[in-house]
Amino acid sequence: AQSVSQHNHHVILSEAASLELGCNYSYGGTVNLFWYVQYPGQHLQLLLKYFSGDPLVKGIKGFEAEFIKSKFSFNLRKPSVQWSDTAEYFCAVTPGGGSYIPTFGRGTSLIVHP
Amino acid sequence: KAGVTQTPRYLIKTRGQQVTLSCSPISGHRSVSWYQQTPGQGLQFLFEYFSETQRNKGNFPGRFSGRQFSNSRSEMNVSTLELGDSALYLCASSSGQALSGNTIYFGEGSWLTVV
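First to last, the protein sequences are chains Z and F.
Residue 92 in my numbering sits at position 92 of the first sequence, with consecutive numbering throughout.
Residue 76 in my numbering sits at position 76 of the second sequence, with consecutive numbering throughout.
If you are wondering where the hints come from, they were derived from the structure by calculation, not from laboratory data.
Predicted model only: the values in this text are computed from it and were never measured.
All C-beta atoms in this analysis are idealised placements derived from N, C-alpha and C, irrespective of residue type, glycine included.
Certain hints may be false.
Claimed, not checked - Residues from chain Z shown here face chain F by an in silico Cβ test under 7 Å; the list is partial: (1) His43; (2) Phe51; (3) Ile101; (4) Phe104; (5) Arg106.
Chain Z extracted, bound-state conformation (with noise of 0.2 Å):
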C-alpha cells in the first residue's frame, strides 16, 4: 500500500523567510502527486500537482514543489513567505494510469509570523 510521509508537523516562520516543506512517498509505481493547503476557516484548495513533464511545477501564490523520483520526493517550496500563508497544508500521491485513490500525508502547519 502507498504511503504518505509528511516530517514538518509544525513549521514556525518569519516572513521573508523561505520555505521548504517535505514530502516523500512511498509506492513502486508511476505517481501523480499534489500539494493542498486549507488557509484558516477555509476549504481545502488545490496548490499544485504533478502528473508528468517537467518535474518543476508551479502552483498558485507563488509557491513550486519538485518531483524527485530516485527519492520518492514531492517537496513544497516558497521563496518567501507572507503572513497570509499561515496554514495547513497536505500532500497527497495517487496512482498513475487508471485509478484516482489518493493518500494523504498528515499535513504540516504553518505558521508566520509577521
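Once you've looked at the hints, dock chain F against the given chain Z.
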C-alpha cells in the same frame, strides 16, 4: 459560480444509527469524490463517482456507501454508526474524472459527531 455545497454542515447521531450526507457539485461537474478527515487518521479517500458510477474506492468497510444521481449530486451513507465515525466528511467535485488530472474543488464539509 457557486462552489461545492454540502448539507448538513453539522449533525449529531447516536451509535447504531445511520446517516446520509449530501453533496451538490459545482455546476457542470460530473465527478464527485468523498473524504473523511479525523485527528487520528488524517484525511482519507472514501470513493469517487463519475456519471452515476463508482469509479474508485478507498479502504473503508461496507458500512460506508454512496451514490450519484443523474444531476451529479451525490449522497454518502454510513450505516450502524460507530464512535470512530465522528469526523469531518468532505466532498469534492471536478469536471472530469480525478484520475485524468482534473482539478478537484472541495466543499466545506459536514461535521458528524457520533455519541
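Checked hints:
no., hint, result
1, His43, "5 Å, holds"
2, Phe51, "5 Å, holds"
3, Ile101, "5 Å, holds"
4, Phe104, "4 Å, holds"
5, Arg106, "5 Å, holds"
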